[in-house]
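*Asks:* Put together the whole structure using the sequences plus the hints.
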Amino acid sequence: MFFSIVIPTYNRQPILAKCLWALEHQRLTPDSGIQGYEVVVVDDGSTDATIDWMTQEAHQLPHVRLVQQQHQGPAAARNLGVAHAKGDTIIFIDSDLVVTDRFLLAHARGLQQGYRDLGSDRLFTYGAVINTCNFEQPTSASYKVTDFSNAYFATGNVAIARHWLETAGLFDTEFQLYGWEDLELGVRLKKLGLRLIKCPDAVGYHWHPPFSLEEVPALIDREIQRGRMGVVFYRKHPTWNVRMMIQMTILHRMLWGLLSLGGLLNERTLAPLLSWLIRRGKSQLALEIARIFLNWYNVQGVYSAYANLPHHR
Numbered sequence: 001m002f003f004s005i006v007i008p009t010y011n012r013q014p015i016l017a018k019c020l021w022a023l024e025h026q027r028l029t030p031d032s033g034i035q036g037y038e039v040v041v042v043d044d045g046s047t048d049a050t051i052d053w054m055t056q057e058a059h060q061l062p063h064v065r066l067v068q069q070q071h072q073g074p075a076a077a078r079n080l081g082v083a084h085a086k087g088d089t090i091i092f093i094d095s096d097l098v099v100t101d102r103f104l105l106a107h108a109r110g111l112q113q114g115y116r117d118l119g120s121d122r123l124f125t126y127g128a129v130i131n132t133c134n135f136e137q138p139t140s141a142s143y144k145v146t147d148f149s150n151a152y153f154a155t156g157n158v159a160i161a162r163h164w165l166e167t168a169g170l171f172d173t174e175f176q177l178y179g180w181e182d183l184e185l186g187v188r189l190k191k192l193g194l195r196l197i198k199c200p201d202a203v204g205y206h207w208h209p210p211f212s213l214e215e216v217p218a219l220i221d222r223e224i225q226r227g228r229m230g231v232v233f234y235r236k237h238p239t240w241n242v243r244m245m246i247q248m249t250i251l252h253r254m255l256w257g258l259l260s261l262g263g264l265l266n267e268r269t270l271a272p273l274l275s276w277l278i279r280r281g282k283s284q285l286a287l288e289i290a291r292i293f294l295n296w297y298n299v300q301g302v303y304s305a306y307a308n309l310p311h312h313r
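The sequence shown begins at 1 in my numbering and counts up by one.
Since the hints were made in silico from the structure, they are not lab data. Think of the CB as a built atom: it goes at the ideal place given N, C-alpha and C, for glycine as much as any other residue. Do not take every clue at face value.
Distance condition first, Cα-Cα at most 20 Å in a straight line; then the derived SDA-like pairs of lysine to any residue [said to hold, decoys possible]:
hint : residue 1 : residue 2
1    : K198      : R109
2    : K144      : P200
3    : K198      : Y115
4    : K190      : G169
5    : K191      : R162
6    : K144      : C133
Simulated DEER-style distance windows between Cβ atoms [said to hold, decoys possible]:
hint : residue 1 : residue 2 : range
7    : S140      : T29       : 22 to 30 Å
8    : D52       : M254      : 48 to 56 Å
9    : E214      : E136      : 19 to 27 Å
10   : P30       : G119      : 20 to 28 Å
11   : G257      : Q284      : 19 to 27 Å
12   : W21       : T249      : 37 to 45 Å
13   : E214      : A49       : 17 to 25 Å
14   : H59       : G262      : 56 to 64 Å
15   : R279      : A49       : 26 to 34 Å
16   : R268      : H208      : 19 to 27 Å
17   : K282      : F148      : 17 to 25 Å
18   : D147      : P310      : 34 to 42 Å
*Replies:* Now the structure itself:
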């Protein structure tokens with residue numbers, strides 16, 4: 001198999017550098033079945049130093065190819081990456097993910113074992129994602145309960161035969177804002193009968209800066225976007241499972257309404273507590289508390305977008 005690792009990126013040059021260095025230093029064995037690999041970076045209209053850095057470091061990154069597009073979002077970027085890919089097997093990761101040196105080997109072994117067990121390639125492997133705030137040594141983080149994901153198909157760390165992506169129709173570019181484009185493709189892959197194979201040895205460390213009050217407005221905006229894109233998801237697949245995923249149920253409305261006291265516990269009223277926790281080095285706990293009002297904004301965004309659908313006007 002020949003791997004094409006497709007990575008969309010937008011204004012993430014410092015962590016993208018760590019991501020690409022890690023992919024350049026993969027340990028492959030003669031019996032791995034890996035004939036080769038490439039890294040297709042799709043720049044989604046970055047305005048930082050991404051392009052300059054990649055141009056300057058090209059000689060140090062022999063596996064990397066750069067593709068550029070105007071800012072259209074991750075769905076369009078991943079589709080463009082697949083179009084430019086040479087491989088028969090696609091691996092999707094995000095540009096803020098730093099992998100181990102046995103990352104490709106683990107995915108290859110997981111795929112090969114799945115082929116033997118199922119007698120076909122109607123499957124994909126899903127690697128582990130560990131969240132970390134440690135920029136200097138992201139791979140030093142340990143697995144936490146909050147790192148668990150029950151998503152069926154998520155592009156943070158997944159490997160799949162290229163032809164299944166093309167059969168399913170790739171990513172829907174109507175998802176131009178934040179969220180759901182990968183899970184929506186997952187619904188179509190599931191209808192094709194693809195099996196999810198957990199691949200815990202294919203570890204990626206998802207870096208994000210420690211939570212701060214300065215990022216709260218951006219996080220709120222992201223949750224509202226996710227709510228809007230959730231309704232796009234539901235419009236395409238109007239099922240109860242999708243309603244549960246996007247939090248468009250009376251249960252979610254009551255839960256986050258109760259926990260936020262109908263929105264009274266918000267970014268303003270909780271700011272003193274969050275600031276106090278951050279000053280004491282408990283930024284992760286502060287983020288978990290902030291999720292109370294972030295989820296409330298998400299649910300509000302879902303119902304607002306749903307109310308604006310043509311049949312509701």
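*Asks:* Run every hint past the structure and note whether it holds.
*Replies:* So, going through the hints one by one against the coordinates:
1. K198 / R109: Since the Cα atoms of K198 and R109 sit roughly 11 Å apart, the hinted pair holds (cutoff 20 Å).
2. K144 / P200: 14 Å, holds
3. K198 / Y115: Holds: K198 and Y115 sit about 13 Å apart, inside 20 Å.
4. K190 / G169: 13 Å, holds
5. K191 / R162: 17 Å, holds
6. K144 / C133: Holds, at roughly 13 Å.
7. S140 / T29: 22 to 30 Å: 25 Å, holds
8. D52 / M254: 48 to 56 Å: 50 Å, holds
9. E214 / E136: 19 to 27 Å: 21 Å, holds
10. P30 / G119: 20 to 28 Å: 25 Å, holds
11. G257 / Q284: 19 to 27 Å: Because 25 Å falls inside the window, the suggested range holds.
12. W21 / T249: 37 to 45 Å: 44 Å, holds
13. E214 / A49: 17 to 25 Å: 21 Å, holds
14. H59 / G262: 56 to 64 Å: 58 Å, holds
15. R279 / A49: 26 to 34 Å: 31 Å, holds
16. R268 / H208: 19 to 27 Å: Between R268 and H208, where Cβ atoms are some 24 Å apart, the hint holds.
17. K282 / F148: 17 to 25 Å: Roughly 21 Å apart at Cβ, these two residues keep to the hinted range, so it holds.
18. D147 / P310: 34 to 42 Å: At 40 Å between Cβs, range holds.
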